[in-house]
Every structure is written in C-alpha cells, then in structure tokens.
Amino acid sequence: MKNITRFEADAVQIADMQRRNFIKVAGLLGAAGLLGGSAFPALASEMVTMPFANGQRRLVRSFPQKGEMILLRTRPPLLETPFHVFDKGVFTPNKLFFVRWHLPGIPTSINVDTFRLRIRGHVDQPYELTLKQLIHDFEPVQIAAVNQCSGNSRGFFSPRVAGGEWGNGAMGNALWTGVRLKDILARAGVKAGALQVRFNGLDKGVEPKTPDFMKSLALDHAMDGEVMIAYAMNGKPLPLLNGFPIRLVVPGWYATYWVKMLFDINVLDKPDENFWMKTAYLIPDNPAGNMTPREQGVKMVPINKMVPRSFITNLHDGAMVHAGRRTLVRGIAFGGDAGVTKVLFSSDGGKRWEPAQLGKDYGKYSFRRWETHFTPTQKHEYRLMVKAINTEGKTQPEKPVWNPAGFMQNVIETVKIKAV
Amino acid sequence: MNKSTYKLLRVLPFAAVLVVPSHVVLAESAGQVAQSIHLKSMHVTLPVSNGVFKPGPGSQSANEYCMICHSAGFMYNQPPLTRATWKMEVNKMRNAMGCPVPEKDVETIAQYMYHQNGAPAAKAQRP
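Order-wise, the sequence lines are chains A and B. Note that the working numbering numbers the first sequence so that position 159 is 159, with each residue one more than the last. Note that the working numbering numbers the second sequence so that position 97 is 517, with each residue one more than the last.
Source of the hints: derived by calculation from the structure; they are not laboratory data. Worth double-checking, as some hints may not be accurate.
Said to hold, decoys possible - Here are the simulated lysine-lysine pairs, BS3-like style, with alpha carbons at most 30 angstroms apart:
| # | chain 1 | residue 1 | chain 2 | residue 2 |
| --- | --- | --- | --- | --- |
| 1 | A | K182 | B | K524 |
| 2 | A | K299 | A | K351 |
| 3 | A | K299 | A | K399 |
| 4 | A | K305 | B | K512 |
| 5 | A | K360 | A | K278 |
| 6 | A | K351 | B | K507 |
| 7 | A | K278 | B | K474 |
| 8 | A | K351 | A | K182 |
| 9 | A | K299 | B | K474 |
| 10 | A | K270 | B | K507 |
| 11 | A | K299 | B | K460 |
| 12 | A | K394 | B | K524 |
| 13 | B | K524 | A | K236 |
| 14 | A | K342 | A | K270 |
| 15 | B | K460 | A | K278 |
| 16 | A | K209 | B | K460 |
| 17 | A | K278 | B | K512 |
| 18 | A | K270 | B | K474 |
| 19 | A | K88 | A | K132 |
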C-alpha cells in the first residue's frame, strides 16, 4: 500500500505544479490569452490538418519516450500516431504508438523494486507479486495484437460527436510478452460465485470525486488463457505512456480494457457498477454498435469486441499517380476479434472487388499487411476502396457506423487519387 | 549536419540490411524476452501546456475549473457543439467527473464554450 500513497503524492504534486505553472503563465500572458500554442511564438511547431472541422493538430516531439506524434491533448495526454507509420511495417514502433489517458494523475516515477501487483477479492489466497516474480514465476507467453482506441476515427463521424477527435491513428499493433491472467488468478484460487475481474491502474484523478479508471471482464473471459499481463511490447519494456511497468492485454477487444500501469486485480462476486463500466464506454446492443442519431430508448451495453478494419497506407487522399502505369496499392487489415481471411480491393468506387495478396500471418489479433496492383488507364480521379473479411465471415459496412459516443467505426475506407 | 555525418547518411540505406530497422520485431520467443528483459525504475517529465482559454465572458471560470483536469486545447478541437450539448458536457464534468465547478457557473461556462466553439442548433448536425 505504501507505494500507492507515494504515487498518489506524485500525482497531486504534478497537478499542483501544473496549476501553479498555469497561473504563472496566465499572469504573464495577461489579456493576450494565447491559446493552444507555446507562450513563445518562436517555438512554432509543425501542423497537420485532419479533414474535419477543428482538425488542426500540432506535431510534437515533447513527450517522453515518444517520437513525432499528433497532439490531441497535452494533459492528460492524447497522442495520435501519424498515419504514414502504418505503411512502414506490420508492427508499430513503441515510440510512435498512440497514447490515451483519461485522468490527469499519472505517476511519472515508477520504482520497479517497490512496485507490487496485488490480486485480491473473491479468491482463496489474495497475494502480491513483485515484477521479478511476475516475470519469472509464471510461464511467459507472447501474442501479436492490435490495440485500438474505442473512439479511433471519431473525427470522421457524421454527424460529429464530442470526445477525443481522432483521425485513424489511435491504434497500433505490437508483439506483447507477458503472463496469462489465467495463471495469475489460478494461484489465488478463484472462489465459486466469482463473476467478474476488475482491473485498476496507478493513474487517478486530481479531484476527490473523479471516478478512478477501472475496467472489468467477465470471469470466463479473464480465464480464457489469451488475456494477459504484458511487461514487454515489441521486445522492450513498455513506454511509461503506454503503461510501464505492466498493462493488461485483451486481444480482440477495444483498448479501454487494456488497463495501463496495472497494479490491482480484484475478483468480484457482483457485476462492476463503477462509472467506467456502467455509464461510460457503452454501445448500442448489436454487433456493429450502430444506431441512428434520432433513435430513442436504445439499449446500451459495455463496448467489447473489435470489428474488422482495413486501410490503404501507401496512398493518401489527393495522391497523384501515373496514368497507364501499374501502381502498387498496399495497406493493413485486421479482423477485429478474429483473423483476416480475405482483403478485397476496388479501384472503381466499389463496383468491382478483387482479392489482394495477404502478407505474413502473425496471428488472428495482429495487423495483416496486404498488397495489390492496379493500372489507372484514364487520366481522372479513382476511388480506391478496401475491405477486410474475417474468419467468421464478418466484413465492413458500406455506410459509416454511428453511435452517440463515437465508438467502433469500421466503415469501408476510400482513398481518392488522381491519375495524371 | 557536418560532412562526415552526411556521408554516413548516404551509406545508411545500403547498411540497412545489416541493421535491423526498429519497427521489425526481433524474433525472440516469449521465453527469450522473459530471460533478457530488464525493467528499470523510471522517471519522466510530462510536458505542460501553456494554452489558456481566450478572454471573453466566462473565460475566467473556464480557466479556473476546466483546467484542473485537462488542458484547454481539448475543447477547441471538439467539433462545434450546440448550446445544449455544451451544457450537457459541463454538467457531465460536474456530476460525473468530480469537477468542483459551482452550479451557478455551469451556465456561464457552457455559454462561453458555445461562443468559442459552437454550432447553431438549427444548422448543426445532431446531436
């Protein structure tokens, strides 16, 4: 418990520092009230513009262990992966992996010797683990899995909704190394009557009434042997902003469940009614999470499994290609909570589809690269489209998904290019 | 960049086959990672935003309360929202997120947000 208090103190210290800093800066600025940029105009930063209202974003290199990222919010951090990164390889480098925190009290110091993972609740033997014990006392496992924000692509929603206004870069693919949650729970001995397992990370709010961020999984799911506690990402320790020292990995499910800086596993004998399960992160109760904006009385359930998505990564909207030349089109796809069985490509706005060639299979939860060629015979605009079909026969919709929170977008993507 | 660095950079593409690009995952097994990984205690500094709300009626309250938990830019990169939606958002902060904003300031802040980043209800796409 001692180290939790220390992190709490850290979090409060951070908040106080930031508050004092703001007051200082606000005083300096006075009536000028600069917004959104540095107080020192000389430090101008590069911008990108997303193709939706209020889509201007700074590119920043100012976050620890992170390269150039699209800044959505400084505090708590929301950092988007620049989309060109997805064309470079099937795994997303740790330093370019997107970042999403809910609460401002993020510990900025982690002591690996005093850190403890505690397992408690409706179990025979609650216990604690040091990081060394976690790594060495349990069988290591590894899985390639896509981590995607529930609200990835929210900026493209129509009609627009409030929230983190991501482009398509709130996702990443990594090879996660860790231990099975099942094995961790088995040591504690889950008692009959256990219903769910709740996960808590070290981050917290700075106001006493802010609900702590906690997520729960059904017991069967938690025990499925695939849900794991990861201490490595692409072979290296997790960046602090991606959850150092350990995080939950829930393959095939949206990233909201992948609790970062995991320190507390609490087996529950009642359904978790905390805000972040009961009120936040709900979707319409259908596999697509879809509804219409004026629909009333829609039954909502906690968001859960991901759905198939695919993207063209080597050509962006407005790209120009040579008419008459055989042109490479490539990208990534993922099946959601199942593997990719097929990726289909269309160069005529969806009238005709042809299978693309699939790259190496890193497992059902991983990105899968794909590529194909087409020859734009005419000098005009081409609407390139791509769709993925997963091993359960699920594919992507032609019409965009909509729900009030802006979750689960997986519409068939279109890239408009011009042959000249 | 000096001459020798420039020369090195020209050679690098050819050296690429020898150097594993950072985005390629080394084919280490789970066991190998477990054996070799070394977690070290960490300390980082997170950047602080200098952004503040632009002056206007209600900006003082916005600066005082909204910035307790998150930087100001987040509100400016929302899509333009209706008056009703801004009010709902401010109430959500107060009721669900533990923001200590007094009830009497909710309307002021919602109005301010609407003037900073608002869409008329008739023209705006719902919600």
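Structure versus earlier hints - violations, ascending order
Hints 1, 2, 5, 6, 7, 8, 9, 10, 11, 12, 13, 14, 15, 16, 18, 19 contradicted; others consistent.
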